[in-house]
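Residue numbers (this note's numbering), protein chains in the order written: chain F, 1 to 113; chain A, 1 to 113.
What the hints contain is simulated information worked out from the structure, not anything from laboratory work.
It is possible that some hints are incorrect.
[To be verified] BS3-like mimics (lysine-lysine), calculated; alpha carbons at most 30 Å apart, straight line:
#, chain 1, residue 1, chain 2, residue 2
1, A, K1, A, K42
2, A, K42, F, K57
3, A, K1, F, K57
4, F, K57, A, K68
5, A, K42, F, K13
6, F, K57, F, K13
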Amino acid sequence: KAGVTQTPRYLIKTRGQQVTLSCSPISGHRSVSWYQQTPGQGLQFLFEYFSETQRNKGNFPGRFSGRQFSNSRSEMNVSTLELGDSALYLCASSSAGAGETQYFGPGTRLLVL
Amino acid sequence: KQEVTQIPAALSVPEGENLVLNCSFTDSAIYNLQWFRQDPGKGLTSLLLIQSSQREQTSGRLNASLDKSSGRSTLYIAASQPGDSATYLCAVPPGGGFQKLVFGTGTRLLVSP
Numbered sequence: 001k002a003g004v005t006q007t008p009r010y011l012i013k014t015r016g017q018q019v020t021l022s023c024s025p026i027s028g029h030r031s032v033s034w035y036q037q038t039p040g041q042g043l044q045f046l047f048e049y050f051s052e053t054q055r056n057k058g059n060f061p062g063r064f065s066g067r068q069f070s071n072s073r074s075e076m077n078v079s080t081l082e083l084g085d086s087a088l089y090l091c092a093s094s095s096a097g098a099g100e101t102q103y104f105g106p107g108t109r110l111l112v113l
Numbered sequence: 001k002q003e004v005t006q007i008p009a010a011l012s013v014p015e016g017e018n019l020v021l022n023c024s025f026t027d028s029a030i031y032n033l034q035w036f037r038q039d040p041g042k043g044l045t046s047l048l049l050i051q052s053s054q055r056e057q058t059s060g061r062l063n064a065s066l067d068k069s070s071g072r073s074t075l076y077i078a079a080s081q082p083g084d085s086a087t088y089l090c091a092v093p094p095g096g097g098f099q100k101l102v103f104g105t106g107t108r109l110l111v112s113p
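With the rest of the complex left out, here is chain A (with noise of 0.2 Å):
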């Protein structure tokens, strides 16, 4: 059974920092791996889609990577606003499970001004 963990559970930084969020699942064999932010009370927004034969993806000032044989991805956020405070998600479908996810607990940033 598809196992997904994020850590930290919460982090919180001044403005202007890099930093690092981190995500691992128990099986290896997934399709892809999805990245998602909340706001408080609101639904998922996409922010990068890994296939598992990629190794990252870029989005602006995000960079998701992939290690499918550790089970590990890494969420980087470059100089960090105020505006990226949210809950970050990590999912994962399980090996055939098309469109069914299973989401890490998040992690909770807070970037103060």
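Next up, chain F with everything else stripped away, as it sits in the complex (with noise of 0.2 Å):
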């Protein structure tokens, strides 16, 4: 079974500029998970989408959203852009819900200039 995927994997933008990660998860995995990761915060959750609705959501602005397709593939999108959006974005999927494994891409570094 091939793994999670993200694209693209390297990114670099100007603040104000808007961006959109893809995300496609494992085969017939429903649920995906975004993370952000940097080194003065660590990994932060994002949000999570089920079955095209989110089910979770952290405490990021809103300028941060996403969306899930009927393939489960899953979108976020970060507009106006600023400095501190520079950080790798994970996503994760998993089958179902409550206690299952999650299984992360390799991510997309986002740089934001």
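The two chains are supplied separately, each in an independent frame; assemble them into the complex guided by the hints.
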């Protein structure tokens, strides 16, 4: 089975721009979660989608949004980028609800200049 | 609010040593606890998941234990190898938090040949 894939792997943007990141979960997995990893804050939960519905949301501003498609692929969007949004963005997929192992993708490294 | 702490922050050992990594969490009402490893600049690899009803889980040279009442988990690595060098993270879902994970700050492990 193919693992979780994320595109693009690297991205450079300037302040004020917007960016869209994509995540394809493991085949059959319906839950996709997104995390932001920075040296200062560590790994922080952004949101989780299950069957095209946002099920959980972390404490991030409204500039961060996401969606999930009927094939379980997910996208996250960050509008009006700030320097502090520079981070490794990781997505994870799992088969169903609580208690399931989460499998992470390689991440998208975003640099905001 | 669930908080997860990992001690030590960094550890350097010679090849062949057995070692223990520690993880503490403040809210014992957890559904499970998961251990991950992360290689520099890469995504997370799931190592072990312990359900709240379990005391320990083993996979090869790795053994993870869980004591919910004291809010602690340990990851024991037997006969360490240079390939074990990575950052090790533990994570718990807050009560009812489905696939939302709260991560510790990690232990950076270096195993020297």
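Structure-based check of all given hints:
1. For the given pair, A/K1 sits about 28 Å from A/K42 by alpha-carbon distance, which is consistent with the 30 Å threshold.
2. The suggested pairing of A/K42 with F/K57 holds, with an alpha-carbon distance near 24 Å, which does not exceed 30 Å.
3. Between A/K1 and F/K57 the alpha-carbon distance is near 15 Å, which keeps this suggested pair within the 30 Å criterion.
4. Using a Cα cut-off of 30 Å, the hinted pair F/K57 and A/K68 holds, with the two alpha carbons roughly 26 Å apart.
5. About 21 Å separates the Cα atoms of A/K42 and F/K13, which keeps this hinted pair within 30 Å; it holds.
6. The straight-line distance between the Cα atoms of F/K57 and F/K13 is roughly 25 Å, inside the 30 Å bound, and the hint therefore holds.
Every hint, counting from the list given before, is met by this structure.
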